[in-house]
Every structure is written in C-alpha cells, then in structure tokens.
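Protein chains: 2
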Amino acid sequence: MEALDELQALIKKLPGMGEKSAQRLSYHLIKTDESYNKALGNAIATIKEKIHPCPICGCYTEHDICSYCSDTDRDRSLLCIVEEPQDVLSIASAGAYNGLFHVLGGAINPLGGIGPDSLSFPELMKRIEEGSFKEIIIATNPTEEGDTTALYIKHLLKDRGISLSRLASGLPIGGDLGYADKLTLMRSLKGRIRL
Amino acid sequence: MEALDELQALIKKLPGMGEKSAQRLSYHLIKTDESYNKALGNAIATIKEKIHPCPICGCYTEHDICSYCSDTDRDRSLLCIVEEPQDVLSIASAGAYNGLFHVLGGAINPLGGIGPDSLSFPELMKRIEEGSFKEIIIATNPTEEGDTTALYIKHLLKDRGISLSRLASGLPIGGDLGYADKLTLMRSLKGRIRL
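As they're listed, the protein sequences go chains A and B.
Each step along the first sequence adds one to the number in our numbering, with nothing skipped, and position 23 is 23.
Each step along the second sequence adds one to the number in our numbering, with nothing skipped, and position 62 is 62.
Pulled out of the complex, with its shape left as it was, chain A reads as follows (with noise of 0.2 Å):
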C-alpha cells in the first residue's frame, strides 16, 4: 500500500474520522514542519509506554501516584466518583472541586455485558474502608447506565454514615427550551430549585 493511503487508512480508524476527514488530515501532514510530524507521531507512538492508571484512583498518571491523589491541598474527606478517566479532567477543571477522584472503568450496563465485577468496585470500597471520606458525589453520566451505576453505588454504601449525592442533571447553561428533550426537561423540572 502507498504511504499516504496507509497513513488516511490508519488516521481513518480513530473516533469520529470518515473519509473526507482522513484525507484532509493526511494531506495537510504532507505540508507542514517535519519537525511538528515527528514531534505528533513520537507523542502517538509512545503515550502507552508513558501513562498509566494511577494506582489508587484509577486516572492517567506519568508518576507512580497521580497528581490529584498526591495533593496534600485537596479535602480528603470528599471523593467523587467518574466513570472514565477523562470525566476527572472534566470535573477538576471546572474548578468547584476539591476533592479526590474514583474512576469505575465505565457504567453498569448488564445488555452490554459490563456487571459490577467489571468496574473498580472492590478498589473503591477498599478506599473508603480505608480512608476518611465524608461526603460522596457520584458523577456517572446522566444516562440509563450511569443512573443504574449510581443506585448500585448508594446501594453498596447505605448505613455508612456517609453524605451521598448526584450530579444536578437538568437544561445545560446557554441552552434553549425549545431544544431541549423530554428526558432533560423532566430532569430539570423534578430538580427543580426553590428561588
């Protein structure tokens, strides 16, 4: 095969590329710095070699222990729980978060052949046997799975004395009613908040 068609075929497997898009990509690669392609293609090639899941929360890390679980700053009292590694970027960076992360792996979906005993359940519970947590917010995403995992986890932690809570589901900020679906807007109007 010629370089360039390996080169779209390989850019054409990741997430969210078709054809048009892969070919756009190869031939813009053809035209910029030597340099910037060397630099991206030793950036793809080893970043297996170079993260892995931190130990004790689950999330990327390049050090034996991640940056948010060796942060004697943040309040280990409170933990909240993401399905995927990059759910505690999203949460960390929206910057009302101070706490320590759990990632699971995933959601419980039983159609999709995930069970309990696929995700990190027995590293979470040994966390908070372990440690000192006060408050738990579950962040799975606001979907049938995600929903299922945060009954599973209430479930797994009643009578521990610890504060339970879910993230606010409900119209996104900059939203339009008239664009939102009848799931989200009967989310927003069950959550709704006294003024």
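In short, the hints are calculated from the structure, not lab data.
Ideal placement from N, C-alpha and C gives every residue a C-beta, glycine not left out.
Please note that a few of the clues may not be correct.
[Unchecked claim] A short, non-exhaustive set of chain A residues, derived as facing chain B with CB atoms under 7 Å:
| no. | residue |
| --- | --- |
| 1 | 3 |
| 2 | 47 |
| 3 | 51 |
| 4 | 75 |
| 5 | 152 |
[Claimed, not checked] Within a straight-line C-alpha distance of at most 20 Å, the following computed EDC-like cross-link-like pairs (lysine to aspartate or glutamate) qualify:
| no. | chain 1 | residue 1 | chain 2 | residue 2 |
| --- | --- | --- | --- | --- |
| 6 | B | 31 | A | 5 |
| 7 | A | 48 | A | 71 |
| 8 | A | 31 | A | 6 |
| 9 | A | 48 | A | 33 |
| 10 | A | 31 | B | 5 |
| 11 | A | 31 | B | 62 |
We have chain A; now place chain B onto it with these hints.
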C-alpha cells in the same frame, strides 16, 4: 509538560481540532492497541520522507513519476488543471476522467499575496508546448480565486487551438433549492442546460 498534555497540544494543532476533540482523541489513543499507535505514529512521522510532488504534474507520489503521469492507458491529449494535489484524487475517483493532471499549487489571490509567479504556470506552459493536448479542463475551485485563475489560464492559452473548459457550477446533486445560496443559484441559472 506531561505526555498526555503534550499529545493533546499537538493534536489540537491539526485542522478542525478543538480542545474537546483533541482530548477525546488522546484518551482514545491510550485505550487503543499499542501496535496501532506505533503504526499511526510512524506513518505520521515519516510521511514527508516518503512522499514528494511528481516532477511532471505536481501531485504527491512515492515514485519517481506519479501513477497518473506514468499510466500509458490515460488519454494524453486531455489535461485537467487543479489547485491542490488532493483535487487530483477527487477528480480521479469520480471516475469520469481519464486524462492527465496538472497541479498549480494554489489559486491566484492578490490580496493573499499569491500571484501567478507563486504557482506552477511555467511548468504548465512547458508541458503544453512539449505535449499534444487538445483539450484542457480547468478544475480550479468555484471561488473568486479559482475563477480569477481560470480567466488567467484562458488568457495564457488563447490562440493555441486547444479547447478550454471549466467544471460546471450549480446545485449539488441531492441538494435543496431552499438551502442553495444566491451565487450558486445564479450560476446554475446562467449555466442551465437545454433539455
């Protein structure tokens, strides 16, 4: 800089990539197969070493001369002039053209500082003088710059007895009159075809 941040920053420099898509892709690359990452990384890092412009037509090739210029089955009396190397692929894959190509390397754009001197007109004239072209199809983009370039080529090639044409502009197939812009409608009216 951490490896993951570096990868994201590099991906973000690609055209059409924002903060979120760069993040999504880099997290995807942590989950993919290592051999895929090595293959993609290597393909990106080495593409500029492997590919160069064809010395005759200017489209990209791995060989001394590109597959179009070296294909003896193609009609050597027919030339299609395009702006960019990727346009060759678009026209070739449409399947309705079996002649040769010439890549200008862009379009005349005085405001953008691109005059005829920046484009491969000397090479084009040399090919026309040495070749036996009977028909030339100008396939520059249907933009102001593409139109200017087409007019310039028309001026260059007048009184040479070569039949000149330009790709038709009009409504895209499957399009909707209601969504067509005024200029496209104007062009499709001007270029209307008698039934």
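Verification of the supplied hints:
1. 3: holds (4 Å)
2. 47: holds (5 Å)
3. 51: holds (6 Å)
4. 75: violated (23 Å)
5. 152: violated (24 Å)
6. B:31 <-> A:5: violated (24 Å)
7. A:48 <-> A:71: violated (24 Å)
8. A:31 <-> A:6: OK: residue 31 (chain A) and residue 6 (chain A) at ~17 Å, within 20 Å.
9. A:48 <-> A:33: violated (25 Å)
10. A:31 <-> B:5: violated (24 Å)
11. A:31 <-> B:62: holds (15 Å)
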